[in-house]
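A.B. asks: With these hints in hand, go ahead and build the complete structure from the sequences.
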Amino acid sequence: MDKITERLAEIVGKDYVSTSAEERFIYSRDQGVQQPHMPDYVVLPDNARQVQEIIHLANNDSIPVVPMGGGLVLSGLTIPLAGGIVLDMKRMNRILEVNESSHYAVVEAGTSQGMLDAYLKKHHPRLKHSLPDAPPAATIAGNIAIHGSGHLSQSEGGFHSEMVTGLEVVLGSGEMVKLGSCSTVPGWFSRAPLPDLAGLFLGWNGTTGVITKVGIKLFPRPRFHDVLIYMTEDIDIAPDILFRIIETEVAEDINYALSPKPDYLNGFQMIVINLVANTEIELNMKKKIIRDALYDYYKTKESGFMPLPPAMKGDFLEAPQKALSKFADVKKGGGFEYVGAIMPVEKIPDACREGVRITDRYGITYSLGARIIGRGHSAMFFFAYPFNRADTQDIEKVSHALEDTNAAALKLGGIPWKTEVSGQKLILEQMEPQTSSLMMKIKSLLDPNGIMNPGNWEVK
Amino acid sequence: MHELKFDPEICKSCTSCDCIMKCQYIDLESDQAKSEHAKLVAGEDSSILHDCVTCYACEEYCPFGNHPFYLIVERQEQRGVHPAPKPLEESQVIMMGPKGRIKPKELSPPVMNMCFFTVMNGGIRGSLFEGVSKFGGSDVFCNLMFLHFARNSTIRQRLPLMIENIMKNFLEPAGAKELICYHDECYGTYTSWAPAFGIDVPFKPVHLFDFIYNRLVELKENIKPLGIKVAYQRPCSNRLCPQTDHFVDDIFSLIGAERPKREFEYENALCCGGVPEAQQRFELTEEIQHKNVEDMKASGAAYCVFNCPFCFWTLSEPVLKAGLIPIMMSDLCLMALGE
Ligand SMILES: Cc1cc2nc3c(=O)[nH]c(=O)nc-3n(C[C@H](O)[C@H](O)[C@H](O)COP(=O)(O)OP(=O)(O)OC[C@H]3O[C@@H](n4cnc5c(N)ncnc54)[C@H](O)[C@@H]3O)c2cc1C
Chain C
1 MDKITERLAE
11 IVGKDYVSTS
21 AEERFIYSRD
31 QGVQQPHMPD
41 YVVLPDNARQ
51 VQEIIHLANN
61 DSIPVVPMGG
71 GLVLSGLTIP
81 LAGGIVLDMK
91 RMNRILEVNE
101 SSHYAVVEAG
111 TSQGMLDAYL
121 KKHHPRLKHS
131 LPDAPPAATI
141 AGNIAIHGSG
151 HLSQSEGGFH
161 SEMVTGLEVV
171 LGSGEMVKLG
181 SCSTVPGWFS
191 RAPLPDLAGL
201 FLGWNGTTGV
211 ITKVGIKLFP
221 RPRFHDVLIY
231 MTEDIDIAPD
241 ILFRIIETEV
251 AEDINYALSP
261 KPDYLNGFQM
271 IVINLVANTE
281 IELNMKKKII
291 RDALYDYYKT
301 KESGFMPLPP
311 AMKGDFLEAP
321 QKALSKFADV
331 KKGGGFEYVG
341 AIMPVEKIPD
351 ACREGVRITD
361 RYGITYSLGA
371 RIIGRGHSAM
381 FFFAYPFNRA
391 DTQDIEKVSH
401 ALEDTNAAAL
411 KLGGIPWKTE
421 VSGQKLILEQ
431 MEPQTSSLMM
441 KIKSLLDPNG
451 IMNPGNWEVK
Chain Y
1 MHELKFDPEI
11 CKSCTSCDCI
21 MKCQYIDLES
31 DQAKSEHAKL
41 VAGEDSSILH
51 DCVTCYACEE
61 YCPFGNHPFY
71 LIVERQEQRG
81 VHPAPKPLEE
91 SQVIMMGPKG
101 RIKPKELSPP
111 VMNMCFFTVM
121 NGGIRGSLFE
131 GVSKFGGSDV
141 FCNLMFLHFA
151 RNSTIRQRLP
161 LMIENIMKNF
171 LEPAGAKELI
181 CYHDECYGTY
191 TSWAPAFGID
201 VPFKPVHLFD
211 FIYNRLVELK
221 ENIKPLGIKV
231 AYQRPCSNRL
241 CPQTDHFVDD
251 IFSLIGAERP
261 KREFEYENAL
271 CCGGVPEAQQ
281 RFELTEEIQH
291 KNVEDMKASG
301 AAYCVFNCPF
311 CFWTLSEPVL
321 KAGLIPIMMS
331 DLCLMALGE
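For the record, the sequence lines run as chains C and Y.
Taking this note's numbering, the leading residue of the first sequence gets 1, the next gets one more, and so forth.
Taking this note's numbering, the leading residue of the second sequence gets 1, the next gets one more, and so forth.
Just so you know, these hints were derived from the structure itself, not from any lab.
From the three backbone atoms N, C-alpha and C, an ideal C-beta is built for every residue, glycine too.
Not one of these hints is a red herring.
Below, simulated SDA-like cross-link-like pairs (lysine to any residue); rule was C-alpha separation at most 20 Å, straight line: (1) C/K326 with C/P260; (2) Y/K99 with C/P262; (3) Y/K134 with Y/K204; (4) C/K441 with C/I427; (5) C/K261 with Y/K99; (6) Y/K86 with C/Y264; (7) C/K299 with Y/S47; (8) Y/K291 with C/E280; (9) Y/K99 with Y/R158; (10) C/K411 with C/H400; (11) C/K288 with Y/E287; (12) C/K90 with C/E53; (13) C/K261 with Y/E89; (14) C/K299 with Y/E90; (15) Y/K22 with Y/E287; (16) C/K332 with C/Y362.
Per the computed footprint, the stretches of chain C lying under chain Y, defined by three or more beta-carbons under 8 Å from a beta-carbon of chain Y, are: (17) 227-241; (18) 303-315.
C.D. replies: Here's what the structure looks like:
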């Protein structure tokens with residue numbers, strides 16, 4: 001055992017450090033097309049104090065540290081590009097507090113989406129948090145660290161990073177800080193009215209520090225659910241249909257999807273509208289409001305609502321929605337690129353056309369879609385390309401498609417989301433120089449030795 | 001090719017215009033009904049083309065068997081009237097289309113066609129269906145549902161191939177002359193639609209209830225009478241074969257179920273609501289379902305029995321909410337057999 005391993009074992013216990021080739025192999029890659037790179041150490045801390053000690057050690061010995069939650073980001077953001085430590089946060093999965101009156105939960109960073117959801121269902125059945133459609137092993141911190149979004153993003157105020165009420169973070173420099181109300185009083189209820197420092201860790205892909213605790217907003221969990229699906233062949237009317245639905249302010253979640261599979265849906269755009277209510281009367285009223293909002297469209301019979309007998313609603317009523325996870329392995333071999341771009345809603349038709357053009361160019365299959373964020377304030381548009389990891393040609397095609405997609409997203413006026421290093425570079429090239437310079441200044445302040453997830457958000 | 005056997009002279013001399021006057025969804029005075037219908041016959045635009053919920057009932061109402069409903073569908077298609085949204089229609093055409101994926105299967109009589117409802121294979125079980133060989137899927141699918149989408153042409157085009165597939169791949173190898181139709185749609189296709197369009201059916205279709213009734217007679221000893229009131233949700237396609245309705249009563253009398261008196265029963269049966277919903281007529285859907293289920297409840301029925309799986313999926317929830325138990329006819333019979 002080398003000195004570093006010994007020291008790490010002293011901090012977290014020897015069962016929670018690994019330098020074995022098998023383990024490092026697993027942590028060297030994700031499901032996307034990014035090149036694998038081996039870490040030197042895999043470490044699983046149990047608490048914030050241990051995280052702090054690891055960061056001190058890493059600073060002393062200039063060892064890169066890559067925080068990792070579920071490792072489901074798919075764009076290589078947890079691949080240790082410069083080796084070093086992969087800091088797997090999954091042991092830190094305690095749910096520390098649920099405040100029923102002020103509607104927030106405080107969790108350790110490695111708490112998974114599934115765990116929090118199950119915990120709330122069991123102990124606080126009247127409350128829920130916004131769930132991404134990622135597999136339930138995705139973590140709360142990993143998701144906010146990349147500005148994730150989920151089933152309450154439309155109705156309850158935007159990206160999950162906007163639902164953060166407070167953070168505890170170990171900075172790249174090793175200091176531990178609390179941000180939000182919890183920095184001043186015991187409650188984790190709000191980031192306001194203080195200067196908002198949480199943003200220094202949201203969207204930074206773990207390059208400024210390790211989030212150890214998260215305060216996250218909770219919302220009422222109404223008893224009744226339903227779903228409406230609107231179908232059209234005309235890409236260009238999609239934004240107006242979406243706006244009309246958004247304007248009703250009665251939908252919980254609004255998603256748009258276009259996929260060539262199954263055959264009978266090829267070329268048809270589906271707008272999936274999820275509704276919740278406390279009573280059946282309320283639910284029926286909401287359905288009527290939405291249908292009335294689209295009357296001008298469906299009366300022409302050019303588009304319309306799909307009849308959905310209750311038995312066929314199945315998965316559509318669930319959060320997280322499983323359709324994309326099922327689609328992820330359509331090519332078998334477990335490869336999945338899920339490129340997102342945050343963009344204005346009116347760009348959806350162009351993004352679709354671009355997605356289809358790119359996939360035609362490389363002869364790959366796709367699932368395109370968008371989730372409305374806020375009351376139509378933006379959309380998280382996804383370009384999902386499944387591939388077979390055992391097929392090098394397939395990987396190559398998807399890699400090219402990914403590059404083209406990032407460039408196309410920027411050209412359309414959107415910004416690639418949770419993008420891999422090459423995509424980050426594209427963004428930084430296009431960014432106002434003063435902005436990127438400020439980013440770098442902040443980064444060097446918080447992470448003076450550049451140990452945090454090196455390679456990401458770097459201007460060279 | 002395969003023209004509808006419709007005689008305009010019959011309509012001209014018809015004084016009752018039952019096809020429209022008895023319709024539960026189109027509300028026209030007698031004179032209006034006749035003039036709108038005359039337009040329909042003449043191939044002109046008529047409110048009937050737009051208001052029809054495609055419940056098939058007028059096929060039963062017409063005392064002359066002059067196929068008023070098939071005529072409506074012909075005219076809708078000719079005039080480009082789309083009862084349901086076009087994308088829905090187009091995707092259904094692809095979804096239900098033949099895929100050329102027939103897997104050879106050893107069958108022996110009695111042979112049953114599950115239609116498109118192979119998901120219901122599990123319901124074909126127990127002593128009630130012992131020895132029954134079954135097949136199904138999009139390559140042997142009657143396609144009659146396209147009546148709801150103003151697409152006689154799709155049925156016309158696909159049905160001969162379906163019949164050929166059924167004969168060559170299943171009935172001939174099994175040495176079977178009869179085909180039990182799991183769904184009323186298939187039975188209605190072979191006994192009503194195909195003859196109306198001059199398409200030969202080289203086998204004898206057997207209605208599912210006919211088969212079940214005869215099986216129950218054989219199993220009579222094992223039946224424990226249920227002693228329950230059961231409302232029957234008559235599917236649209238049963239309008240094409242009303243002569244089979246007596247099997248419901250016959251089966252009920254064997255299993256000890258009572259078919260309570262209802263307002264919306266027999267000729268007045270109401271649609272499950274699935275099709276008007278597809279037509280984007282949401283208020284009408286709610287109204288029909290409400291009336292139908294309230295009527296079941298008022299009749300004192302404890303169960304609502306179905307033959308059509310689509311009706312079952314559509315109406316189960318409202319039926320359950322009204323406190324009745326939705327059940328397929330085959331399961332109801334299995335219950336009586338203690339299985
Ligand atoms: C089928 C499928 C569907 C998806 N749907 C959605 C969706 O609807 N919405 C959505 O937002 N995402 C979605 N995703 C993308 C992704 O899986 C999620 O965003 C997921 O929440 C990421 O969380 P994670 O724990 O896996 O993060 P990881 O992949 O582990 O990490 C993501 C980033 O955050 C950093 N990080 C992780 N933990 C910490 C920490 N404690 N401190 C500092 N930085 C940290 C990592 O270094 C990395 O840069 C989907 C993915 C799949 C496969």
